[in-house]
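Fit chain B to the known structure of chain A by using the hints.
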Amino acid sequence: MNVTINDANTFIYTGGKPWVEGQPTVVMIHGVLNDHSVWILQSRFLAHHGYNVLALDLPGHGKSTGTPPATVQAAAQHVWDLLDTLNIREAALVGHSFGALIALQAASDQPSRCTHLAMVGVAYPMRVSPVLLEASLNDPEKGIKMVNTFSLSTLAPPPSGLGPGTWLYGVGLALMRRVLRSNSQHNVFNIGFHACNDYADGEAAMTAVSAGQTKVLFLLGEHDQMTPPKGLKPLTALAPTAKTVIVGAGHQLMLEAPEEALRALADFLDAR
Amino acid sequence: MSGYSDPGFDTLSLHAGAAPDPTTGARAVPIHLSTSFVFESSDHAASLFNLERAGHVYSRISNPTNAVLEQRVSALEGGVGALSTASGQAALHLAIATLMDAGSHIVASSALYGGSHNLLHYTLSRFGISTTFVPPGDVDAWRAAVQPNTKLFFGETVGNPGLDVLDIPTISQLAHDHGVPLMVDATLTPPWLLKPLDHGADLVMHSATKFLGGHGTVIGGVLVDGGAFDWSASPKFANLSEAYDGFHDMVFSDEATVGAFLLRARREGLRDFGACMSPHSAWLILQGIETLGLRMARHMQNTEAVVAFLAAHPMVERVGHPMLESHSSHALAKQLLPRGAGSVFSFDIKGSRAQGQAFVEALRVFSHLANVGDCRSLVIQPASTTHFRMDAAALKQAGITPGTVRLSIGLEDADDLIDDLKRALRVAEKVQG
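Chains A and B are the protein sequences, given in the same order. In terms of the working numbering, the first sequence opens at residue 1 and continues consecutively. In terms of the working numbering, the second sequence opens at residue 1 and continues consecutively.
Isolated chain A (complex conformation) (with noise of 0.2 Å):
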């Protein structure tokens, strides 16, 4: 599905199902260099499970086009004017790195239309280191090389996103090569991990989504090294009430944990 906000087409991967009135709606945000397919199979589960799927590609990432939000704020503001495009009351949010913190500040920012908060792989403050900063700027295939073997912690992961066969290795390779090319005009990697780095606002954010009736989860990778779970104490901190899932799996748990990662958010989002 193709929305047009803010004069620019956001592309839409809605898990393969038409919307079905009356259902309630999740929204999945990917992280830096990446795309919706990241969410290949809890989209799609969902999407097939009582839920009207909207997993983006951020603007100006893969096929929409657009600026691509040079802060979380602005990325937090595209997902209720793409909400309000469609008309769509309330949603859980369900983001990953850096769309975690995408729908952190889009559940504080409205929450009384955030049913749910899923941050995904996520840490606060997301220090990035200034080699990652320096090569996401001046040598995006370095950076590239570099966020992938942290982002994953076995050489053997189970049948995955693209079925069994998959190597994730090269899948993410691929994946944030052809993201970085999709954006002639702006380079989303060095973009995106500056408004990772740069975002102050989260234990604001959190404390106004904790008074609140959002449900919040945080579905972490045990071997994570790129946001290691004890990096979300500041957050976890501030919501009592939150559930804390930790998977045996690096930073891209969705692709190399995909059972359990399905298994918490279908738990999380009582999708039948």
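Worth flagging that the hints you see were computed from the coordinates, not collected in a lab. Treat each hint with caution, since some may be false.
[As the list claims (entries may be wrong)] The list that follows gives simulated cross-link-like pairs (lysine to any residue, SDA-like), each with its CA atoms no further than 25 Å apart:
{"#": "1", "chain 1": "A", "residue 1": "K17", "chain 2": "B", "residue 2": "S241"}
{"#": "2", "chain 1": "B", "residue 1": "K396", "chain 2": "B", "residue 2": "T385"}
{"#": "3", "chain 1": "A", "residue 1": "K145", "chain 2": "B", "residue 2": "H15"}
{"#": "4", "chain 1": "A", "residue 1": "K145", "chain 2": "B", "residue 2": "S241"}
{"#": "5", "chain 1": "B", "residue 1": "K334", "chain 2": "B", "residue 2": "L369"}
{"#": "6", "chain 1": "A", "residue 1": "K17", "chain 2": "B", "residue 2": "V251"}
[To be verified] Here are the computed distance ranges between Cβ atoms for each label pair:
{"#": "7", "chain 1": "A", "residue 1": "T244", "chain 2": "B", "residue 2": "F37", "range": "29 to 39 Å"}
{"#": "8", "chain 1": "A", "residue 1": "N138", "chain 2": "B", "residue 2": "D177", "range": "51 to 61 Å"}
{"#": "9", "chain 1": "A", "residue 1": "T4", "chain 2": "B", "residue 2": "D177", "range": "30 to 40 Å"}
{"#": "10", "chain 1": "B", "residue 1": "L294", "chain 2": "A", "residue 2": "T4", "range": "54 to 64 Å"}
[To be verified] If you want the footprint, here are the derived chain B segments under chain A, 3+ residues with CB under 8 Å:
{"#": "11", "stretch": "16-30"}
{"#": "12", "stretch": "57-68"}
{"#": "13", "stretch": "240-251"}
{"#": "14", "stretch": "256-264"}
{"#": "15", "stretch": "274-281"}
Virtual Cβ for every residue (Gly too), placed ideally from N, Cα, C.
Just chain B, lined up with the frame of chain A:
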């Protein structure tokens, strides 16, 4: 395996895709000889069929042992995933059948394995898929052969049997300029020698029967998707970029940004055409891959010795290996294949066809048979066997004469191979032309 970073070739050869079995603790890859896999519930079954979950359903489509092989070859080639097939020919057919319909066109190198030439020239034309063959080194010919309905460039990394090295960077760029992918048959140059995806190829196929298996025990093929080609960028690939009513109206390129080809090839190709690999075969090929790096080093060491011997022998008219400066691909081979251009090559014996036959029949260590890439050394005369369907003009275009002999250099002691060749050449010399 937490903690690995940028694992090397030999580490991947042993570990990619396989961890100790979580149930039994088995360290080696188990052979899962099971046609089918139990569903947890009706919903689990439906989810697997509908690609909402990743798992195994039926071994024609996927199998845990085969999945290890597929991950491992993908890892070694640098792809996003792979499919194991019944043979190398099945891998070639699967790729073409996934991308094409009646009315599609291929531009292919003329220096191909005879079976591939046959498939493209005769068999596929019955189904409305045509091929224009071009000399692999003639870039202008590749360009001139492109038609509006061209959907694939295809060649062998080193042509059979002349070992013309395909200029993958140049030909892939040309293919991409025309909005089509380049697929290469890398059977003769396993990834220890060359990783075609790194040089611009989009799809890589192997007859795993050869060097990957390495022991002459099993028939199989592997098809690797590099994940770099954007199928949705061109209207040519509606099979991947438009809703397919044969699979729930799935738009494969929307579903999987870098894996559309792989998804359709498995979900349609293996499902409907059914040319799958037996798990036992997958296991045998995995056994071979575990020592691929060690074997290839020895293959190349022996090949250097044999080529040097033949090149200096008075009964030998020509040795067709790119390691020799006299070979037309010498410079390109040094660039793309710094570890060597493989251990399968041909040479021409001075004298008559009868002398050539006498030579082949006099060999004792070399086995006279129709295969390459075995741990044992092999010999064959292409004109009377692998390329026998080609007419004289096609044979000449492929660089084959009646006296051409093809060798596949194995892992024996190099001195024994040279002694065998020396003795057989003496026999051939005594035969009356």
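Verification of the supplied hints:
1. In summary, the hint linking K17 of chain A to S241 of chain B is supported, as the alpha carbons are separated by about 17 Å, within the 25 Å threshold.
2. With a CA separation close to 15 Å, the supplied pair K396 of chain B and T385 of chain B stays within the 25 Å bound.
3. As the CA atoms of K145 of chain A and H15 of chain B are separated by approximately 20 Å, the hinted pair is consistent with the 25 Å bound.
4. A hinted pair counts as satisfied when its Cα atoms are at most 25 Å apart, and K145 of chain A with S241 of chain B does not qualify at roughly 28 Å.
5. Distance restraint check for K334 of chain B and L369 of chain B: the Cα-Cα separation of roughly 30 Å exceeds the 25 Å cut-off, and the hinted pair is therefore not satisfied.
6. Simply put, K17 of chain A and V251 of chain B have alpha-carbon atoms about 11 Å apart, close enough for the 25 Å limit, and the pair holds.
7. Taking 29 to 39 Å as the suggested C-beta distance range, the pair T244 of chain A and F37 of chain B conforms, at roughly 32 Å.
8. Separation of N138 of chain A from D177 of chain B is about 28 Å and departs from the stated range, judged on CB atoms against 51 to 61 Å.
9. Restraint check, T4 of chain A to D177 of chain B: a C-beta distance of roughly 32 Å satisfies the suggested window 30 to 40 Å.
10. For the hinted restraint 54 to 64 Å between L294 of chain B and T4 of chain A, the CB-CB distance of approximately 58 Å keeps it satisfied.
11. By the rule of at least three residues with a Cβ nearer than 8 Å to a Cβ of chain A, the coverage given for the stretch 16-30 of chain B holds, with 4 such residues.
12. Counting residues of the stretch 57-68 of chain B whose CB falls under 8 Å from any CB of chain A gives 6; the rule of at least 3 is met.
13. Counting residues of the stretch 240-251 of chain B whose CB lies closer than 8 Å to any CB of chain A gives 3, so the stated coverage by that chain holds, three being the minimum.
14. With a cut-off of 8 Å between beta carbons, the stretch 256-264 of chain B has 6 residues touching chain A; three or more are needed, and the interface restraint holds.
15. As drawn, the stretch 274-281 of chain B meets chain A at 0 residues by the rule of a beta-carbon pair under 8 Å; below three, the given contact is violated.
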